[in-house]
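Participant: Here the protein sequences come in this chain order: A and Z. For the first sequence, the positions run 163 to 560 when our numbering is used. For the second sequence, the positions run 1096 to 1523 when our numbering is used.
Worth flagging that the hints you see were computed from the coordinates, not collected in a lab. Quick reminder that beta carbons are idealized off the backbone N, C-alpha and C, glycines included. A few of these clues could be false.
As the list claims (entries may be wrong) - Simulated DEER-style distance windows between Cβ atoms:
hint : chain 1 : residue 1 : chain 2 : residue 2 : range
1    : A       : F330      : Z       : E1224     : 50 to 58 Å
2    : A       : L211      : Z       : Q1161     : 53 to 61 Å
3    : A       : E286      : Z       : A1253     : 18 to 26 Å
4    : A       : A231      : Z       : K1319     : 56 to 64 Å
5    : A       : Q291      : Z       : S1317     : 21 to 29 Å
6    : A       : D264      : Z       : G1277     : 42 to 50 Å
7    : Z       : D1209     : A       : V255      : 53 to 61 Å
8    : Z       : A1255     : A       : V255      : 50 to 58 Å
9    : Z       : G1194     : A       : V200      : 53 to 61 Å
10   : Z       : K1520     : A       : A413      : 26 to 34 Å
11   : A       : D264      : Z       : A1255     : 51 to 59 Å
12   : Z       : E1510     : A       : S295      : 55 to 63 Å
13   : A       : Q547      : Z       : K1520     : 51 to 59 Å
As the list claims (entries may be wrong) - Just some of the chain A residues that point at chain Z, by a computed CB distance under 7 Å:
hint : residue
14   : G238
15   : L241
16   : T243
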Amino acid sequence: MTAVVQQVGTTVARVRTGWRTKAKPGQLLTHLSLLILVLIWTAPTAGLLISSFRSKDQLAVSGWWTALAVAVTQEGTRLPTADSSIAETGLFVIRGRLPGTDMGTKIRSYGLNARDLTAAAPGESLSMQDGGSITVEADGSFEWSADRPFTHTRGPRLFYVVERSPRFTIDNYIEVLTTSGLGRSFINSFAVTIPATFIPILVAAFAAYALAWMRFPFRNLIVVTVIGLLVVPLQMSLIPLLSLYNDIAHAFGAADGKTYLGVWLAHTAFGLPLAIYLLRNYMLGLPREIMEAARIDGASHFQIFTKIVLPLSFPALASFLIFQFLWVWNDLLVAMVFLGNQETKLVLTGKLASLLGTRGNNWEVLTAGAFVTIVVPLTVFFALQRYFVRGLLAGSVK
Amino acid sequence: MLRLSLLAAVSLMSGPCLGAEWPDLSGQTITIAGPYIGPDEEHFRAVLAPFAEATGAVVDYAGSQQFSQQIVIDTSSGSAPNVAIFPLPGLAATLAGEGKLAPLGDETETWLRDNYAAGQSWVDLGSYEGPDHVRRLYGFTYKTDLKSLVWYVPDEFADAGYAVPETFEDLQALTEKIVADGGTPWCIGIGSGAATGWPATDWVEDLLLRLESPDVYDQWVSHKIPFNDPRIVAAIELFGWFAKDNAKVAGGTNAVGTTDFSLSPQGLFTVPPQCYLHHQASFISSFFPENVVLGEDADFFYFPSYAGKELGKPVLGAGTLFAITNDSPGARALIDYLKTPQAHEIWMALGGFLTPHKGASLDAYPNDTLREQGQILLNATTFRFDGSDLMPGAVGAGSFWTGMVDFASGRSAEEVATSIEESWKALP
Chain A
163 MTAVVQQVGT TVARVRTGWR TKAKPGQLLT HLSLLILVLI WTAPTAGLLI SSFRSKDQLA
223 VSGWWTALAV AVTQEGTRLP TADSSIAETG LFVIRGRLPG TDMGTKIRSY GLNARDLTAA
283 APGESLSMQD GGSITVEADG SFEWSADRPF THTRGPRLFY VVERSPRFTI DNYIEVLTTS
343 GLGRSFINSF AVTIPATFIP ILVAAFAAYA LAWMRFPFRN LIVVTVIGLL VVPLQMSLIP
403 LLSLYNDIAH AFGAADGKTY LGVWLAHTAF GLPLAIYLLR NYMLGLPREI MEAARIDGAS
463 HFQIFTKIVL PLSFPALASF LIFQFLWVWN DLLVAMVFLG NQETKLVLTG KLASLLGTRG
523 NNWEVLTAGA FVTIVVPLTV FFALQRYFVR GLLAGSVK
Chain Z
1096 MLRLSLLAAV SLMSGPCLGA EWPDLSGQTI TIAGPYIGPD EEHFRAVLAP FAEATGAVVD
1156 YAGSQQFSQQ IVIDTSSGSA PNVAIFPLPG LAATLAGEGK LAPLGDETET WLRDNYAAGQ
1216 SWVDLGSYEG PDHVRRLYGF TYKTDLKSLV WYVPDEFADA GYAVPETFED LQALTEKIVA
1276 DGGTPWCIGI GSGAATGWPA TDWVEDLLLR LESPDVYDQW VSHKIPFNDP RIVAAIELFG
1336 WFAKDNAKVA GGTNAVGTTD FSLSPQGLFT VPPQCYLHHQ ASFISSFFPE NVVLGEDADF
1396 FYFPSYAGKE LGKPVLGAGT LFAITNDSPG ARALIDYLKT PQAHEIWMAL GGFLTPHKGA
1456 SLDAYPNDTL REQGQILLNA TTFRFDGSDL MPGAVGAGSF WTGMVDFASG RSAEEVATSI
1516 EESWKALP
């Protein structure tokens, strides 16, 4: 960071002396603000990633940004009861180790009252109410010895200040990955997502070509209607659409209308306006001369579409594919409404939500769950990302 | 592992217990939708297993976090499950009024009155006006939560020399004594995402039941007296006595609105303790740190009532209601199954479940903490339900919540109560 600041400083100095160098301050400023923006954008994801490797108790007491610091915490534990004492040459001893202490931890001090944590340093002894005296070593092992047998049935409490090097755990991931039915919900998610991505692309490509290059009445009106449909919130159509599905299902004697076909069609319908709009604008930008040449050579509309327009539109198709795939993969609402929550049909997002517990008490698994679900969209994104930017700019730069 | 083997043991044990009097439902499917997910869902499936075995029916349970939204969509578009489990009576009442629920019948009503402790109040909770404006029983309460509890750490009490308060006066004196000793008495956190504010509504309801008679409570909940009635305002102000004093709340008053309810009890277990007392329902123990042993490291006492007022020992609670959304013989049989002690004992043994069923054995509870809570439920003289659940959704799950957030962040009780009253009056 200081290097960057210095560089900015020297650049500014050079600028003042009259544009002698090629480095432009504007460019540097752009890079600097880009760097800051990237940092801001990645911070939540980084925080989530770090949190996913922390235990529930750690998450409850401190933020992810403290994960790498040496943590000094004040903790308490209950010592064992008389049952675990052993007799040793005239002495009765209880030995053990304070919970959560190992090679990487160091006891700073300890005490027998939560308000007096510095009563003794490691190695020093404290006399106990239940008889005898206790010594805690810096590594967390303790020895409680007395000359009379122990009788207590309820372990006394011991409090200590412990210094702990950073700790990480993969328990959250283990919990998510070993959930029963996770594999099935992965397959369910694929069964919903793949058709629900390709059907709208197929339909939209045909429609977009027709709206861009074929001449028929009311063409512009249709385009405007499609664009208008973009603003319809899908929540509005949930109940009417499900009623329609149920009516159709009942007419054919089925119990209810919650099927995979229903989800595919719903996602197709919700995805089409954007798909048609995006692809039409892209196709409109293709050079007219190619199309005219093909017409003169006697090609039909279908041939022009499959041989010329479709290959040329690949960036736009790919970028919409990413859009639709991400949206369907991450969707919970549409799948819940049109497919249901039965264990056999539960999609991945639904499965993760159910891991939370009725009152959301297992929320630590969400952090790990987020990274488990993100794997598939990330794969799709990186496979197609070189088309993504080109496709996004499609239609907008004319 | 232990839980798994327990599950297996329980289902084995109770499987053959169901007699032969169950109807033969083989080939039929009973669909159930409810809010139980995660461990609750596992436990509920254990409850359903012997029923499925005895009747031969396929029981298809689907749990969802967004149950409340989904049941509205499903009932209005004709794909309702046979049985729906409502976490909020208000929603069940709305659907009953639209004719989407099937009445459970007089027999079930009598059964509830006779077999549930404080039976009449359970009947009242599940009775709503149907589309023909006649009140009938639609909801069967199964799985309850106890709200009038104060959680504390017995060792900290012993170390500091505090005694469990028996009366409300004692509780207030204890609060002041802890402050005088330099400690912080309460941990209060009302954050809960979109539902932020609900823990404070429980406080106000619990306090109102201690200040006024149950009649006032009923009138308040049914809007026969306005929300800004001086008696209600007094209850809100009493909550302010605890929550709006920087010395009495861990982190100060500002922390009340910003602390999540699930993290709030952590303060009891820090070293040194950030607070000594935490008012919350029975379910909160599942949010305690993992190494806390209930009954040893943490315990609860009944949120005491005023010695100076002759109001008995009021108990505030909540529960989930089973209702038939798509009538079938299987749905009826399932409701009948819920009347058997087995259906209660299976879940009692698995934990996280309380029941007012007088026929279910208290021995089934896995630990003393739950057993004592179950005992409180069975012994309740005055039992009242979470008022915010009974009010119309726009108030009970809307302006009441946000009003309490406003109150915690500085507005006066009077102002807040008046604005909630206005939102209630504005309802059609």
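Participant: Confirm or reject each hint.
Facilitator: Status of each hint after checking the structure:
1. F330(A) x E1224(Z): 50 to 58 Å: holds, 56 Å
2. L211(A) x Q1161(Z): 53 to 61 Å: violated, 27 Å
3. E286(A) x A1253(Z): 18 to 26 Å: holds, 25 Å
4. A231(A) x K1319(Z): 56 to 64 Å: holds, 57 Å
5. Q291(A) x S1317(Z): 21 to 29 Å: The hinted range 21 to 29 Å is violated for Q291(A) and S1317(Z), with Cβ atoms some 55 Å apart.
6. D264(A) x G1277(Z): 42 to 50 Å: Roughly 35 Å apart at Cβ, these two residues miss the hinted range, so it is violated.
7. D1209(Z) x V255(A): 53 to 61 Å: holds, 59 Å
8. A1255(Z) x V255(A): 50 to 58 Å: With a Cβ separation near 31 Å, A1255(Z) and V255(A) fall outside 50 to 58 Å, so the hint is violated.
9. G1194(Z) x V200(A): 53 to 61 Å: The hint (53 to 61 Å, Cβ to Cβ) holds, given that G1194(Z) and V200(A) are roughly 56 Å apart.
10. K1520(Z) x A413(A): 26 to 34 Å: With Cβ atoms ~46 Å apart, the hint is violated.
11. D264(A) x A1255(Z): 51 to 59 Å: violated, 32 Å
12. E1510(Z) x S295(A): 55 to 63 Å: 60 Å Cβ-Cβ, so the 55 to 63 Å window holds.
13. Q547(A) x K1520(Z): 51 to 59 Å: Roughly 55 Å apart at Cβ, these two residues keep to the hinted range, so it holds.
14. G238: With a closest approach of 5 Å, the G238(A) hint holds.
15. L241: Given a least distance of 12 Å, the restraint on L241(A) is violated.
16. T243: The hint is violated - T243(A) has no Cβ within 7 Å of chain Z, the shortest such distance being about 11 Å.
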